[in-house]
Amino acid sequence: MATEDVSHDLSSLLSSEERDFLIRNNGDQVPVSGLVGKNILLYFSAQWCPPCRAFLPKLIEAYHTIKAKGSAFEVIFISSDRDQSTFDEFYSEMPWLALPFGDGMKQILDKKFKIEGIPTAVAIGPSGRTITKEARMHLTAYGADAFPFTEEHLKKLEEEIEKKAKGWPEKVKHELHSEHELIRTKRSSYNCDGCGESGYSWSFYCKECDFDLHPKCALKEDEDTGTEKGKEGFICDGDVCRKA
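Sequential numbering from 17 applies to the sequence shown in the numbering used here.
No lab work stands behind these hints: they were computed from the structure.
Under the rule of at most 25 Å between Cα atoms (straight-line distance), these lysine-lysine pairs were calculated in the DSS-like manner:
| id | residue 1 | residue 2 |
| --- | --- | --- |
| 1 | K54 | K122 |
| 2 | K74 | K122 |
| 3 | K74 | K172 |
| 4 | K189 | K202 |
| 5 | K180 | K202 |
| 6 | K74 | K149 |
| 7 | K182 | K236 |
| 8 | K236 | K74 |
| 9 | K232 | K172 |
| 10 | K179 | K189 |
| 11 | K232 | K202 |
| 12 | K236 | K189 |
| 13 | K83 | K149 |
Turn these sequences into a full structure, and let the hints guide you.
Shown next as structure tokens:
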């Protein structure tokens with residue numbers, strides 16, 4: 017969660033000599049200059065990546081919620097798709113801006129932010145300072161409440177979760193894992209064996225079987241999980257696709 021103490025000029029970060037705009041999925045061009053002073057989320061993703069597809073609905077929901085509050089906020093899709101048609105198909109689901117497919121700035125951004133796996137969401141504050149490269153984790157844990165992703169704000173959210181956790185039972189029995197009781201356990205990160213999504217902070221956990229459930233899944237219900245192979249140059253493992 018460490019804050020990256022680096023500032024960027026958005027115009028130089030997202031523009032090139034040939035292009036001073038980003039695009040919408042309807043073909044409209046939006047000047048990069050219009051993003052100055054906003055909270056920006058750089059969303060590194062691809063259609064072929066199962067964790068990316070799984071995370072997208074969460075990000076869309078958070079995006080609309082944050083925007084509805086009147087926040088100066090925008091997401092920019094940075095694609096690792098292999099061809100224009102796949103990019104177009106995946107981007108058609110997204111309500112935000114994108115770097116044009118095949119743009120040379122993509123490799124520069126990958127290197128600048130040391131992108132080793134996708135999906136990755138990099139939060140940049142109104143001043144151009146990188147706030148965190150772990151925005152995806154915080155959105156998964158807190159949804160739209162994670163905004164604006166600052167360390168101080170996230171600390172308050174964590175304190176609220178800790179208070180809430182004290183009211184949860186120490187052990188539960190669940191039909192998805194009838195062999196053993198699940199113990200309320202502090203976990204740094206895991207994949208929920210109920211819903212298949214990422215989890216952070218607290219889990220109901222069976223150490224013997226390495227079985228995790230989100231608190232929301234353990235105390236209510238949820239289901240489904242899965243894995244897939246990634247594209248050439250990437251290996252998909254759990255909730256991320258990493259460069260091979």
